[in-house]
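Novice: As a plain string of letters, each chain reads:
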Amino acid sequence: MIRLESAHIEEIRGIRKLDIDFSQKSFAIFGPNGSGKSGVIDAIEFGLTGLIARLTGKGTKGLSVADHGPHVDKTKFPDAAFVTLRVYLPTLDKSATITRTVSSPKKPKIEPADADIVQLFSEVADHPEIALSRRDILRFILVEPTARSQEIQAILKLNEIGETRGALNTAQNRLQTVQRTAEAQVQTARSSILRHLQIEALKAAELLEAVNTRRKLLGLPEIAELKPDTKLDDGLAAGAKQSEMNKQTALKDLKALVDASAGFSELAKAEAASIVGNLSKLEADPALLAALQRREFIEKGLDLVDGPDCPLCDTTWPDEQHLREHLQAKLAKSEEARKVQQALLKDGATVSAAAIQLFGFLTPIEQLAKTQGAADLAQLLTAWRADLDAFKAKLTTVAGLVGVNVRLEISWVAVPQGFSEGLTSLTEKINALPDQTATVNAQTFLTTAQLRLSDCRTAVKNQKAAAAGFAAAKLAYDTYCGVLEEELNILYDEVQKDFSTYYREVNQDDEDAFTAKFTPSEGSLGLDVNFYDRGLFPPAAYHSEGHQDGMGVCLYLALMKRLFGDKFTFALLDDVVMSVDSGHRYQFCRLLKTQFPDTQFVITTHDRLWAEQMKSAGLITSKTSLCFHSWTIDTGPLVESSAEIWGEIGTALAKGKVEVAAAALRHHLEYVSRHLADQFGAAPRFRADGNYELGELLPSVLKRLKDLYGQAANAAQSWGNDAAKTAATERKAALSASNGAANVEQWAVNKALHYNEWANFGKKDFEPVAVAFKELLECFQCPACQGWLYVTPRVAPETLRCACNALQFNLNAKPKG
Amino acid sequence: MPTLQRLIAEKFLVRMKEGQVLDEQALKQLSDLFGAGKKIKADDLVKVFTSPPGGEVQ
Numbered sequence: 001m002i003r004l005e006s007a008h009i010e011e012i013r014g015i016r017k018l019d020i021d022f023s024q025k026s027f028a029i030f031g032p033n034g035s036g037k038s039g040v041i042d043a044i045e046f047g048l049t050g051l052i053a054r055l056t057g058k059g060t061k062g063l064s065v066a067d068h069g070p071h072v073d074k075t076k077f078p079d080a081a082f083v084t085l086r087v088y089l090p091t092l093d094k095s096a097t098i099t100r101t102v103s104s105p106k107k108p109k110i111e112p113a114d115a116d117i118v119q120l121f122s123e124v125a126d127h128p129e130i131a132l133s134r135r136d137i138l139r140f141i142l143v144e145p146t147a148r149s150q151e152i153q154a155i156l157k158l159n160e161i162g163e164t165r166g167a168l169n170t171a172q173n174r175l176q177t178v179q180r181t182a183e184a185q186v187q188t189a190r191s192s193i194l195r196h197l198q199i200e201a202l203k204a205a206e207l208l209e210a211v212n213t214r215r216k217l218l219g220l221p222e223i224a225e226l227k228p229d230t231k232l233d234d235g236l237a238a239g240a241k242q243s244e245m246n247k248q249t250a251l252k253d254l255k256a257l258v259d260a261s262a263g264f265s266e267l268a269k270a271e272a273a274s275i276v277g278n279l280s281k282l283e284a285d286p287a288l289l290a291a292l293q294r295r296e297f298i299e300k301g302l303d304l305v306d307g308p309d310c311p312l313c314d315t316t317w318p319d320e321q322h323l324r325e326h327l328q329a330k331l332a333k334s335e336e337a338r339k340v341q342q343a344l345l346k347d348g349a350t351v352s353a354a355a356i357q358l359f360g361f362l363t364p365i366e367q368l369a370k371t372q373g374a375a376d377l378a379q380l381l382t383a384w385r386a387d388l389d390a391f392k393a394k395l396t397t398v399a400g401l402v403g404v405n406v407r408l409e410i411s412w413v414a415v416p417q418g419f420s421e422g423l424t425s426l427t428e429k430i431n432a433l434p435d436q437t438a439t440v441n442a443q444t445f446l447t448t449a450q451l452r453l454s455d456c457r458t459a460v461k462n463q464k465a466a467a468a469g470f471a472a473a474k475l476a477y478d479t480y481c482g483v484l485e486e487e488l489n490i491l492y493d494e495v496q497k498d499f500s501t502y503y504r505e506v507n508q509d510d511e512d513a514f515t516a517k518f519t520p521s522e523g524s525l526g527l528d529v530n531f532y533d534r535g536l537f538p539p540a541a542y543h544s545e546g547h548q549d550g551m552g553v554c555l556y557l558a559l560m561k562r563l564f565g566d567k568f569t570f571a572l573l574d575d576v577v578m579s580v581d582s583g584h585r586y587q588f589c590r591l592l593k594t595q596f597p598d599t600q601f602v603i604t605t606h607d608r609l610w611a612e613q614m615k616s617a618g619l620i621t622s623k624t625s626l627c628f629h630s631w632t633i634d635t636g637p638l639v640e641s642s643a644e645i646w647g648e649i650g651t652a653l654a655k656g657k658v659e660v661a662a663a664a665l666r667h668h669l670e671y672v673s674r675h676l677a678d679q680f681g682a683a684p685r686f687r688a689d690g691n692y693e694l695g696e697l698l699p700s701v702l703k704r705l706k707d708l709y710g711q712a713a714n715a716a717q718s719w720g721n722d723a724a725k726t727a728a729t730e731r732k733a734a735l736s737a738s739n740g741a742a743n744v745e746q747w748a749v750n751k752a753l754h755y756n757e758w759a760n761f762g763k764k765d766f767e768p769v770a771v772a773f774k775e776l777l778e779c780f781q782c783p784a785c786q787g788w789l790y791v792t793p794r795v796a797p798e799t800l801r802c803a804c805n806a807l808q809f810n811l812n813a814k815p816k817g
Numbered sequence: 818m819p820t821l822q823r824l825i826a827e828k829f830l831v832r833m834k835e836g837q838v839l840d841e842q843a844l845k846q847l848s849d850l851f852g853a854g855k856k857i858k859a860d861d862l863v864k865v866f867t868s869p870p871g872g873e874v875q
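Protein sequences appear in the order of chains A and B. Quick note, the first sequence lines up with residues 1 to 817 if you use the working numbering. Quick note, the second sequence lines up with residues 818 to 875 if you use the working numbering.
Excised from the complex, chain B in its bound form (with noise of 0.2 Å):
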């Protein structure tokens, strides 16, 4: 069912698009994320900020 949270993690992720700080490859994995279903944890957020362009390894 619709649900709060899923209608701001929707909200969400078009913004974020929208604000092309991320590449497709963050967003994607941003997207995953919020599509778990699952607690969202801090350390999966650092690991998607600051993962390289593209998912390059640096």
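Just chain A, with the same shape it has in the complex (with noise of 0.2 Å):
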């Protein structure tokens, strides 16, 4: 996999433009809602797949990349729309760009073009699970099985796997129904040549009694051994071989179709029974109906997809994934379609082989007809084998039996009017020929016999091709689908533990005996969680939805430790552990740290404490951190820094958007004050949950400065240090100055002021507060680096300083005595 150096993102989803510089360790992007981090999420996203996640899957209908992936105003100019993404690829120790542009998201630019690079590159694309936003984890947790085992299927990409399964399955099945043929031919074969030399077993000592005793006659040598290529009418002179029929096979050959004609209405009767039967149910059931339609329809189509372009109904997908993926969603919903399709069609495929048995009856006669001049039922002959060999053609699909359906509830077999009366003119007509002369009768019966000998040994040869085809093909569906079981439980007994083991982690004060059991079944995959030692119940049931949450991110991290193995070296994760309250958070931070120390995390987060959090436990620092104050559509996200704000804030003003301007000075000084408030260790009114109004935040951001400037220039004097007396002494005179053009503290005492109003300001009333905060500002920074100030040690600070150390104050006066 990959580990992200930096990212330039253009004209992608709100974003105008912006750089960020990632050094390969893991990051955190924060600001309000709709500030543009999720924008940053999708850029990554784009650059590394060409997909953009939440424009497609469910509820993202008219939603596309080329159409809503580049920023609003850029929406006919998708070339200006690009990111490119400058990754180190540990697996082969080189560092490359690839940039992607919305216009050409199927070829990306890469640099170096090395054929190790470009593979690589190819293989991330496949993999667009690298990003994970809350709406995913809730696929895995709050879902039912079937769909569980869908989701998680997807992520692992074994849908792939399933379509081989079910590739195999179905050249299984139509291998099965071929070798059903072969069988009812081999069946039709033998009992026409039983029937010819009148033995009861096609054994070859029978036959070959029968044989020989005609060949004897005709003087002809015995066959001794009947060999498969062994010809019973070998010897016989070339004009003996001509094709006279034999009139006593003939006679019997109407008569067993005479006998057959009395079970006509009895052949496949429970078969067909039973396919009218499971037809009715449809009928009864038009939405059982529909999904087994739809089911074949989609099938056909799955079959046919070759590239993003659904087959069925031309939408074009973002990549030929989604569109698979989407269709065999739609697949598994109709199991109960699948098994009456199932049913509906095995049925179909016994009344095939009855066909074929009758075929067997009618082509003797046929042909005995045309040659002895029965012209009217040869034709009605031929005639009913082409309606059979339809009828036959249509038990294949549920469209086609739904087609037979009458016939099969009448009689299928459709006995033509006449027949009867033909096969009965033609009986009486070669009774009435004179008998053969015995050389003619054992001649004729020499060459029927090796007629259809040889007929019955190509459908033996052919039963036994397609009865190995059938048995490759079986145990090929059979060894797969034991291969697959056998990985997939392997594979789930790993998630399970890691699963378990991760939630524990972040839960080891309450639920440190947490286990969970996945129940995998065909098709659906079942999740139970232990709740306290009670028991096991799904997710859902008694935990929280913060622990849902939670549950939802250690069961993707240990899917994702599965699919990668040492490889998950990067994920994106968009606001994913919200409901997670802020204890389980340091938890949460230490699990990522220690459970996967050479994965980089791209996270997300509306909260700004989450954001404390995760530098505070050492997951990011101040560097490798972004926070976006505000958004607007001209700008795209407002990158909270110093040396930009002020400039952000003019050029809003300029354009006469106070309101803008305003937001961001409002944002900014939130994020200050929070920011300097830890740094000075200032004492606000105490909030269980963090949330601190600027109003009170900086407020005590302002005494807290002052004091610790009284406290150094009290310290200074007591060392005797009058320049740092005088240092001291000037900034918190400054600072008063500042706060008093500021008036910060006048915010709880006079509404008029409060920044709440700002928004509300002309721009000329605006201007002079920009500046007076702009001054306040600069009271708590270093001249010379910019820096903020900070105290160290943090509890018993004895010094005020910054970062290079151009300002440092000594807060620690000298002892007494």
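There could be a bad hint or two in this list.
What the hints assert, rightly or not - What follows is a list of derived Cβ distance ranges for each label pair:
#, chain 1, residue 1, chain 2, residue 2, range
1, B, Ala-853, A, Lys-231, 43 to 51 Å
2, B, Lys-834, A, Met-578, 46 to 54 Å
3, A, Leu-226, B, Ala-853, 42 to 50 Å
4, B, Gly-836, A, Lys-231, 33 to 41 Å
5, B, Ala-853, A, Asp-19, 37 to 45 Å
6, A, Gly-418, B, Gly-836, 53 to 61 Å
7, B, Lys-834, A, Lys-330, 30 to 38 Å
8, B, Gly-836, A, Asn-212, 37 to 45 Å
9, A, Ser-122, B, Glu-841, 31 to 39 Å
10, A, Gln-119, B, Glu-841, 27 to 35 Å
11, B, Glu-841, A, Ser-544, 39 to 47 Å
12, A, Glu-244, B, Glu-841, 47 to 55 Å
13, B, Lys-834, A, Gly-526, 34 to 42 Å
In case anyone wonders, no lab produced these hints; they're calculated from the structure. Built from N, CA and C at the ideal position, the CB exists for glycine as well.
Combine both chains into one complex, guided by the hints.
Specialist: Below you can see the structure in the form of structure tokens.
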């Protein structure tokens, strides 16, 4: 996999132009809702895969990367929307850049374009699951077992395996049908020769006895052994082999057909009735019928998929994979329809085999009728066979079966009018023929026997080939299913263990005995979790939403570990632990750090406290985090940065957009106040939820810094350090002056001066406010390095300083005495 | 990167060889199908399973 070094994003989603240095480290982007955080995730995901998950899948009909990937003002200029990612490829120990434009998402520009680099990017593009959003994690937890199975199978790309299994099953079913047909043909051919030879079983001794009696009569050598190439009429003169019928066999064939015709109405009657019953069931349940019709339609469509365009409705999908997943999800929904479909096709195959048996009776009589001048009967039999052939072809699909439903209900054999009469007439005609001489009888007996033996041999050969084909297909299907089940059991077992371990780590304070149990079965994956040793229950039964969120992320991490192993080096977590409480978030950070030390996580959150916790836990640092304080349609995300904020405010004011400038200033002050309160150890009124308002935070920061400057001046005086005393006093005075201009201390008493009113100010009213706060905040910064001041150590501070040490105030007074 | 599907395909091919139902020619065809990295189609599988021994033309 990869690690991200940097990203350059232009005109993607809500972003106009943005550069981020990730330095291959875990990185947090935080900011209020709608500030553009997820746009960064979208852009990175797009850069790596060519996809944007939130524009695909359920509930995204009508959305596409092509139309909605670019910034809303650049939808007609997809070339302008692009992402360039600089990444490190650990397995190759190389760095490379990939640039992907919305206009050509499948053709990224990769530099250097070494074959191994291109191949690796191609593999990464095949894994959109590197991005996880909160919407995604609910797919694992709060869903039915069948849906969970689909989701997890999709993330692990098991749907491809399912497709292969489906293809093996289809091949097996087709070859089983071929085998059944071949078996029916063997049976027909065997009946035909047995009838001719007038023997009970097709055994060599009995066959040779019947044949040798005729050969002896003709003075031909007896056949001692029946070999695969033995010709029963061997030695007959060419003229004697002319196709003259054998009268006795012709009469036997006619009688066989007459006898068989008495049972025509019983041929595969039970199966025909079963088909009619199942079709009635479908008729009574239109939803089931629709599901089944869709099933056949979708199966056909899936087979024809060759690219992102749906062969069924011409809809263009982001890629072929998404289209396949969509069609497979539809198929999975119709399990009952699948069972009905299988029953119908199985019964259809039996009726088809019965039709082949019928052909075995009709074919010799059709030939006989032709040679004996019974043209009407010959024509009738030819038409009947063609009709049965067409009927047989319809037995292989549900739609076909629906078409022959009425025929199956009455009598599918559909004996044509005039059949019995024609048969009687032909029988009488043959009977009226003079008996054949013993020689002719023996000759025609042998030629007919050879002909029918040859047919039988061919049928047996075909049946053996068909049986071998079916055996191979069955073995392949059974083997594949066996291996699949073994591997899935191993996989689920490992995922189950990892999932439980991770969840316990996050919730060790109250659920250190947590266990989970997967129950895989065909097409579904049950998940039950232990609830305080009271037993196993579905995740949503007793666990809170926060716990369920935690489960979702832990399951995702367990799946990623199984999917990528030690190559799990990169993941995008978009606002995924919002319901997890602050206490457990520390544990979550520790989980990421300890269990995935080589994985770079890019995490977004709208919760500033959570971002601070990530810093405190050492998951990220100030350098590996970014705060968006707001967003505008013209600028995209506004990055919280003291160096740029005043320029952004100035630009907004220049355009007369006071509300934008006011929001930017307020967000910046919120950020700085929180940061400085933490840096100085300020003492605002404690809030358990950590949601301090600017109105209470900034005054407490001001007071704290005043106190610190006072403490520094006193300490300097105690040491006799006049220069330090003067510097501290001057900064304190500057702070008081700026504070006065900014009116911060008046917020609590004068609502008109409150920051909530800024957005309603006119440009001329707001400009001095912005200037006052700029000057105020400069009192918290080092003029040399522009860094924010802080105290050290955090508890019982001894120094107030900046990062470059240009400003440094001792806070400890000289001990007395 | 090693994937579950590849792992399953490899084990499957080994077991098919052990099963001694397919000859070498058919096993190679099957191996090629599973190694091509494309969607495996039922039609292709039917051809493999019904190919005569040694790949001779019937």
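Novice: Holds or violated: the 31 to 39 Å window for the beta-carbon distance between A/Ser-122 and B/Glu-841?
Specialist: At roughly 32 Å between Cβ atoms, B/Glu-841 and A/Ser-122 fall inside 31 to 39 Å, so the hint holds.
Novice: With 37 to 45 Å as the target window, see if B/Ala-853 and A/Asp-19 comply at their CB atoms.
Specialist: holds (41 Å)
Novice: Are A/Leu-226 and B/Ala-853 spaced within 42 to 50 Å by their CB atoms?
Specialist: Given a distance of about 46 Å, which is inside 42 to 50 Å, the answer is holds.
Novice: The hint says 30 to 38 Å between B/Lys-834 and A/Lys-330; measuring C-beta to C-beta, is that right?
Specialist: holds (36 Å)
Novice: Given a hint of 53 to 61 Å, does the C-beta separation of A/Gly-418 and B/Gly-836 actually sit inside it?
Specialist: Check passed, 54 Å falls within 53 to 61 Å.
Novice: Would you say the C-beta atoms of B/Glu-841 and A/Ser-544 sit inside 39 to 47 Å of each other?
Specialist: violated (60 Å)
Novice: Please test the hint of 46 to 54 Å on the beta carbon pair from B/Lys-834 and A/Met-578.
Specialist: holds (52 Å)
Novice: Between B/Lys-834 and A/Gly-526, does the beta-carbon spacing fit 34 to 42 Å?
Specialist: Check passed, 35 Å falls within 34 to 42 Å.
Novice: I want to verify a distance hint. Is the separation of the beta carbons of B/Gly-836 and A/Lys-231 within 33 to 41 Å?
Specialist: holds (38 Å)
Novice: Against the range 37 to 45 Å, how does the distance between the Cβ atoms of B/Gly-836 and A/Asn-212 compare: consistent or not?
Specialist: Holds, at about 43 Å.
Novice: Do A/Glu-244 and B/Glu-841 keep their Cβ atoms within the hinted range of 47 to 55 Å?
Specialist: Holds, at about 49 Å.
Novice: A range of 43 to 51 Å was offered for this pair. Does it hold for the Cβ distance of B/Ala-853 and A/Lys-231?
Specialist: holds (47 Å)
Hint 11 from the list above is the single one not met by this structure.
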